[in-house]
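A.B. asks: Given these sequences and hints, build the entire structure.
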Amino acid sequence: EDVLRVDAALQRLGDVDPELANVVELRFFGGLKFDELSEATGVSERTLKRAWTKARAFLYREMEQAS
4 EDVLRVDAAL
14 QRLGDVDPEL
24 ANVVELRFFG
34 GLKFDELSEA
44 TGVSERTLKR
54 AWTKARAFLY
64 REMEQAS
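The sequence shown begins at 4 in our numbering and counts up one residue at a time.
There is no bait here: all hints are sound.
Taking lysine to aspartate or glutamate pairs in the EDC-like style, the calculated list, with each CA pair at most 16 Å apart, reads:
1. K52 / E22
2. K52 / E39
3. K57 / D18
4. K36 / E48
5. K57 / E22
6. K57 / D20
7. K57 / E28
8. K52 / E28
9. K52 / E42
Pair ranges (Cβ atoms, derived):
10. Q14 / T44: 18 to 28 Å
11. A60 / G34: 18 to 28 Å
12. K57 / K36: 16 to 26 Å
13. S70 / E39: 28 to 38 Å
Since the hints were made in silico from the structure, they are not lab data.
Just so we're clear, the structure is a prediction, and the values are computed from it rather than from any experiment.
Just so you know, even glycine gets a beta-carbon here, dropped at the ideal spot from N, CA and C.
C.D. replies: Here you go:
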């Protein structure tokens with residue numbers, strides 16, 4: 004059940020901000036560290052950390068609303 008809520012929240016994030024969803028996919032599912040993400044995307048680590056924080060907040064909020 005939790006996996007389905009995470010998937011639905013991630014899909015909604017992708018609809019709202021595909022770049023944030025990509026950060027989540029690469030970080031969470033791909034297991035990349037911020038330095039690896041930075042190298043892969045060409046985005047600074049600092050920007051990626053802010054994006055990660057924003058994406059996590061979005062996902063938590065979406066999952067709370069779904070429960």
